[in-house]
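Based on the sequences and whatever the hints tell you, model everything.
Numbering (the working numbering), first residue to last: 1 to 202.
Derived by calculation from the structure, the hints in this document are not laboratory data. Values in this document were obtained by computation on a predicted structure and should not be read as measured data. Any given hint might turn out to be false.
Simulated DEER-style distance windows between Cβ atoms [said to hold, decoys possible]: (1) V82 - N124: 39 to 45 angstroms; (2) I20 - P150: 17 to 23 angstroms; (3) Y41 - A62: 35 to 41 angstroms; (4) A62 - S17: 21 to 27 angstroms; (5) Q67 - E90: 43 to 49 angstroms; (6) I20 - R200: 19 to 25 angstroms; (7) K11 - H137: 18 to 24 angstroms.
For lysine to aspartate or glutamate, the following EDC-like pairs were computed, each having C-alpha atoms within a straight-line distance of at most 16 angstroms [claimed, not checked]: (8) K114 - E66; (9) K91 - D39; (10) K3 - E66; (11) K30 - D105; (12) K123 - E51; (13) K114 - E129; (14) K174 - E86; (15) K30 - E134; (16) K30 - E86; (17) K7 - E177; (18) K3 - D70; (19) K7 - E72; (20) K174 - D35; (21) K201 - E138; (22) K192 - D182; (23) K30 - D182; (24) K30 - E83; (25) K130 - E109; (26) K130 - E51; (27) K7 - D105; (28) K3 - D68; (29) K159 - E177; (30) K174 - E83; (31) K11 - E72.
Where is the CB? At the ideal position from N, CA and C, for every residue including glycine.
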Amino acid sequence: MPKIDFKNALKVLYQPSPAIPVVVIVPQMKFVMIDGMGDPYTSQGYQEGVEALQEVAYTIRAMLREQDYDFEVMPLECLLWVEDSEFSIEKKDQFSWTSMIMQPDRVTEDIFNKAVVTVTEMKNPIAIEKVRLESFHEGKSVQILHIGPPNTTQASIEKIHAHAKKFGYLLHGKYHEIYLSDPARTEPSKIKTVIRHPVRKK
1 MPKIDFKNAL
11 KVLYQPSPAI
21 PVVVIVPQMK
31 FVMIDGMGDP
41 YTSQGYQEGV
51 EALQEVAYTI
61 RAMLREQDYD
71 FEVMPLECLL
81 WVEDSEFSIE
91 KKDQFSWTSM
101 IMQPDRVTED
111 IFNKAVVTVT
121 EMKNPIAIEK
131 VRLESFHEGK
141 SVQILHIGPP
151 NTTQASIEKI
161 HAHAKKFGYL
171 LHGKYHEIYL
181 SDPARTEPSK
191 IKTVIRHPVR
201 KK
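Laid out in structure tokens, this is it:
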């Protein structure tokens with residue numbers, strides 16, 4: 001049974017260059033999601049949400065393998081924004097966030113619900129009732145690959161802003177990070193994060 005790696009199938013979205021920002025068109029995709037507030041780098045609620053998401057994602061994969069469909073579980077992603085204020089990466093304590101993991105199109109609401117029941121019965125993580133399955137269409141966006149510790153993304157964010165301005169785009173929607181590396185297993189200087197922001201024409 002071949003194993004699908006969506007990071008390769010969607011290489012333009014999940015493996016951008018660290019050299020210069022690029023404009024991409026992000027199609028509608030399915031995600032398991034969970035919402036919260038506060039600094040995702042230190043928040044207990046964020047850690048609990050990620051735990052629940054990952055349990056559901058790996059359970060869905062196990063269920064689909066029984067149907068002769070195998071795939072690599074996708075990396076964790078996070079949408080970040082500040083309510084009633086201009087977004088700044090420095091306002092971590094004011095963040096609202098949506099943590100999410102992309103799912104294959106064949107994941108139905110029924111499959112998702114069965115996965116949640118299984119996870120609840122086996123492990124019952126604190127945030128399991130907050131996890132949902134939802135389609136998300138980001139559309140035209142500017143992105144770049146950031147290499148380095150998570151607290152050093154400002155330079156990459158500024159590159160995105162400059163690139164958008166140069167080509168006549170305005171930032172809109174929610175700031176987006178995709179975590180390609182496991183920080184517990186990766187040297188800080190080598191951690192890879194996709195930095196993305198939706199844009200629209202002025």
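Do the hints match the structure? See the list:
At about 32 angstroms, the beta-carbon gap between V82 and N124 misses the expected band of 39 to 45 angstroms. The hint said 17 to 23 angstroms for the Cβ distance between I20 and P150, and at roughly 21 angstroms that hint holds. Checked against the given bound of 35 to 41 angstroms, the beta carbons of Y41 and A62, roughly 30 angstroms apart, lie outside it. Between A62 and S17 the C-beta distance comes to about 34 angstroms, which lies outside the given range of 21 to 27 angstroms.
The hinted range of 43 to 49 angstroms is satisfied by Q67 and E90, whose Cβ atoms lie roughly 46 angstroms apart. In this structure the hint that I20 and R200 lie 19 to 25 angstroms apart at CB holds, the actual value being about 21 angstroms. Remark: the range hint 18 to 24 angstroms for K11 to H137 is upheld by a beta-carbon distance near 20 angstroms. The straight-line distance between the Cα atoms of K114 and E66 is roughly 14 angstroms, inside the 16 angstroms bound, and the hint therefore holds.
The straight-line distance between the Cα atoms of K91 and D39 is roughly 8 angstroms, inside the 16 angstroms bound, and the hint therefore holds. A distance of roughly 13 angstroms separates the Cα atoms of K3 and E66; the hinted pair therefore holds under the 16 angstroms criterion. Distance hint between K30 and D105 is fulfilled; the C-alpha atoms sit about 6 angstroms from each other, no more than 16 angstroms. Restraint check for K123 and E51: the C-alpha separation of about 10 angstroms stays at or below 16 angstroms, so the hint holds.
For the hint pairing K114 with E129, the CA-to-CA distance comes to about 13 angstroms; that is within 16 angstroms, so the pair holds. Only pairs whose Cα atoms come within 16 angstroms are accepted, and K174 paired with E86 is accepted, the gap being roughly 11 angstroms. In summary, the hint linking K30 to E134 is supported, as the alpha carbons are separated by about 6 angstroms, within the 16 angstroms threshold. The straight-line distance between the Cα atoms of K30 and E86 is roughly 28 angstroms, outside the 16 angstroms bound, and the hint therefore fails.
Pair hint K7 plus E177 holds up; C-alpha atoms about 15 angstroms apart against a cutoff of 16 angstroms. Restraint check for K3 and D70: satisfied, since their Cα atoms lie roughly 5 angstroms apart, inside the 16 angstroms limit. Between K7 and E72 the CA atoms are separated by roughly 9 angstroms; this keeps the pair inside 16 angstroms, and the hint holds. Between K174 and D35 the CA atoms are separated by roughly 13 angstroms; this keeps the pair inside 16 angstroms, and the hint holds.
Distance restraint check for K201 and E138: the Cα-Cα separation of roughly 15 angstroms lies within the 16 angstroms cut-off, and the hinted pair is therefore satisfied. Restraint check for K192 and D182: the C-alpha separation of about 9 angstroms stays at or below 16 angstroms, so the hint holds. Note on K30 and D182: the hinted pairing is violated, with a Cα-Cα distance of about 23 angstroms set against a maximum of 16 angstroms. As the CA atoms of K30 and E83 are separated by approximately 25 angstroms, the hinted pair breaks the 16 angstroms bound.
Between K130 and E109, the direct Cα distance comes to roughly 15 angstroms. Compliance with the 16 angstroms bound is thereby established for this hinted pair. The suggested pairing of K130 with E51 holds, with an alpha-carbon distance near 12 angstroms, which does not exceed 16 angstroms. At roughly 15 angstroms between alpha-carbon atoms, K7 and D105 fall within 16 angstroms of each other, so this suggested pair holds. Between K3 and D68 the CA atoms are separated by roughly 10 angstroms; this keeps the pair inside 16 angstroms, and the hint holds.
For the proposed pair K159 and E177, the alpha carbon gap of about 15 angstroms is at most 16 angstroms, so the pair holds. For a cut-off of 16 angstroms, the pair hint linking K174 to E83 stands: about 11 angstroms separates their Cα positions. Restraint check for K11 and E72: satisfied, since their Cα atoms lie roughly 14 angstroms apart, inside the 16 angstroms limit.
Taken one by one, the earlier hints fail for this structure at numbers 1, 3, 4, 16, 23, 24, listed in ascending order.
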